[in-house]
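**Student:** Let the hints inform the model, and build the full structure from the sequences given.
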Amino acid sequence: MDYSYTTFSSDFLRFLRYHPINEFEFFFESIGIPFLQLDSFLPEFEFFLNEDGSLLNVARTLSLFGFPWNKLGKLYREEVEIFGKDCNDLDSLLCRYVSLGFDTCTVVGICLAFPFVLSGNDHLSIGVDALFGVLKRVFVDFDLKSSVDGNVDASYEFCRKIKVFIDLGCEMNDVGEFIGKRWDVFLECSEEVLVTKVEYFKQMNIKKEDVGLFLLCCPEVLQFDLESPVFSAMNFLKHFGLSDEELDAIALEYPYVLGKNRLANLPHFMRAIDRHEWFFDKIMNGNHHLLADLGIDSQDEDFEKDFKDCLERFQSGRSYKHALAKLDFLHEIGFGENLVTLKVLSNLHGTKSELQVRFNYLLGRGVAFSRLSKMIKMLPKVLNQKPELLKDKVDFLCNEVGMSVQFLNVFPGFLCFDLENRMKPRLRIHKWILENGFHAKEYSLASIIATSENRFIDRLVGIHPTVLKQWFERFSSKNHSYSPQEP
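Under our numbering, the residues of the sequence shown are numbered 11 to 497, in order.
These aren't lab readings, by the way, just hints derived from the structure by calculation. Hints may be right or wrong, so weigh each one.
[Said to hold, decoys possible] Below are the PhoX-like pairs computed for lysine-lysine, each with C-alpha atoms no more than 25 Å apart in a straight line: (1) 362 / 401; (2) 191 / 292; (3) 401 / 391; (4) 451 / 401; (5) 146 / 81.
The structure displayed is predicted, hence computed values, not measured ones.
**Tutor:** Spelled out as structure tokens, the structure:
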């Protein structure tokens, strides 16, 4: 629009007639919806708030009750139906919640943390009643409201912590009782710390509701530093009650976990030695305090000296930082500071994030954590392949060969051979031999794949000359320089 001092007023009015200001944009941004998210909430054909019969009235009702105006966007994003309700019905619902013994600020905090309680849906009524039973136990019966009185943010933040346990699947009664009795600990702990602790123990592959119950029963764990302390593998296990015989067995079976590691990596350390359930039972049954008071000498001088001496060799290389990142990956999956770990490190290729993706893929396909750790110790190059290639090999094993991923426990080398040029041709010629009635010795899958090229061809020759001809003409994917074995 061209500017003219004399005609600006009329020009601007004319411009607005054809380019109306979208009042919904200003409204939604004012109630706390981020600007970049506005497009997904704007009506398609409406520009003025008076075109929506209830939106502004509901917002006004909520604001008059005590809801912070800039928090209404949370309600709109999560339960848009609220803003289509009758204002009198909404006001009555809020007053009913207050009549249960809550003050206004607490009701506001509850509604912000659990917006569905304002939706008024009949099928949610049982859940709403159960929720308010828990909240009444905590805020009213155990008098938490006296510590958050008049503070909407404090009420909301505490309700968010309660929601963490409900989302974990904890029993409602347990949530109300345990939080109510120790609400001071939960009040002091931030939601971020609570969620971090939940994720920490979930790494042990424990049911989420059991993790929630553990933190409800032992809330002092929320104050423990489970990140920076360093522990020595054998001393730590002895500290939690393993006998010398059990420790010797672990050292023999899992030598790659020995030495030092950070407490942040403890969940995966326990899974690497297949003791995660045992350990969780220990801390669940009253031994959690041992995490805060390790009472052990974390210095394992022999392992530490050998480890540091060998690690110095990596420092001279140009890729030292890259090697340290890969070493972090190994520590994070339970490998300790020892020479076995460094030997594995020298044979791993890829960035830390790439190795983690490959590890997670095999874990997700059903390979047990402890078995996968052993596999990496035996054959580090298992992780030197892209996830797509690992997927092709596992799919071939399960779909075409008809084996489960548990076969990898017996023959992890399956993942290290060339799929197209070795595994598929060999298994298909073997199938052809059986289908065509040749009497051949039964060989295991591992023997078919792992046998050298010359020995494999010798086997084919020993079955029938026709078999060898078929191999070269139909199945083999490349030319071979074959040297027959002398009789």
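**Student:** If a hint holds in the structure, say so; if it doesn't, say that too.
**Tutor:** Results of checking the hints against the structure:
no.: 1; hint: 362 / 401; in the structure: holds, 20 Å
no.: 2; hint: 191 / 292; in the structure: holds, 23 Å
no.: 3; hint: 401 / 391; in the structure: holds, 15 Å
no.: 4; hint: 451 / 401; in the structure: violated, 31 Å
no.: 5; hint: 146 / 81; in the structure: holds, 23 Å
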